[in-house]
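S.K.: So the protein sequences, as listed, match chains A and B. Residues 38 to 178 (the working numbering) are what the first sequence spells out, left to right. Residues 1264 to 1348 (the working numbering) are what the second sequence spells out, left to right.
Among the hints, a few may not be true.
Calculated pairs, DSSO-like style, for lysine-lysine (alpha carbon to alpha carbon, straight line, at most 27 Å) [said to hold, decoys possible]: (1) LYS160/A with LYS171/A; (2) LYS1284/B with LYS171/A; (3) LYS171/A with LYS152/A; (4) LYS171/A with LYS122/A; (5) LYS152/A with LYS122/A; (6) LYS1284/B with LYS160/A; (7) LYS1284/B with LYS49/A; (8) LYS1284/B with LYS122/A; (9) LYS152/A with LYS49/A; (10) LYS122/A with LYS160/A; (11) LYS122/A with LYS49/A.
Derived from the structure by calculation, the hints contain no laboratory data. In this text, all values refer to a predicted model and were calculated from it rather than measured experimentally.
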Amino acid sequence: MLRIAREPIDPKSVEARAHSENCGGVVTFLGIVRARADDGRSVDGLHYEAFDEMAVAEFEAITAEARERFGNVRIAAEHRVGDLKVGDVAVVVCVAAEHRGEAFAACRYAIDELKRRAPIWKKEHYVDGGGEWKANAARVT
Amino acid sequence: MTVRTRVRVLAFARIAELLGKRDEELGLGPAARVEDAWSALTERVPALAALRSSTRAARNGRIAAFDEPLADGDEVAFLPPVGGG
């Protein structure tokens, strides 16, 4: 289940949602706002927005695919929207599983597909002024 | 009597910026398609036209082709290339 957060994310609470007593491996990915953009410009902050209902539905589909591929994994995620500063947590994807192997694989799959498919947008604001909407590398057609 | 197809349009990110709003109601003609909703926006904001090839549409929360027919009361969203994570 993906939650769209309008306030700072607590990764522990995402881990708590994913975990159950039969899970011996928990993998958590944190996406954090970094100071340097891909083109080298200094980033002051990021603005995120989401089409909430569709993003949640898309992540449901991603979760179902991950369970098909990797077995009985439990996935919880949270993505922040609004204005974020360097160092803020933008996204958390947490996967709990019986063993670490499927947890690592499913976490990688879930964050990659979220970035590729979820209707969420990012605008970079630069230290020297101005801003730009940035698309992720691959798109779904 | 003129049949109207009333739809709610949702815009995001760069599209919303250019449009100056994130949602609006449109009254389209009979047998309207997703493309007609997009055209109504680009007539008012010509700068949107350049984004057409990178824009996907969703009808009632599901990805839809631009030639998909619209029904009265539909919600149509225009989605720029995504950048989450």
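S.K.: It remains to establish, for every hint, whether it holds in the given structure.
M.R.: Hint check:
no. : hint                    : in the structure
1   : LYS160/A with LYS171/A  : holds (6 Å)
2   : LYS1284/B with LYS171/A : holds (20 Å)
3   : LYS171/A with LYS152/A  : holds (12 Å)
4   : LYS171/A with LYS122/A  : holds (16 Å)
5   : LYS152/A with LYS122/A  : holds (20 Å)
6   : LYS1284/B with LYS160/A : holds (17 Å)
7   : LYS1284/B with LYS49/A  : violated (36 Å)
8   : LYS1284/B with LYS122/A : holds (25 Å)
9   : LYS152/A with LYS49/A   : holds (22 Å)
10  : LYS122/A with LYS160/A  : holds (12 Å)
11  : LYS122/A with LYS49/A   : holds (20 Å)
Violation of the numbered hints given earlier is confined to hint 7; every other hint is satisfied by the structure.
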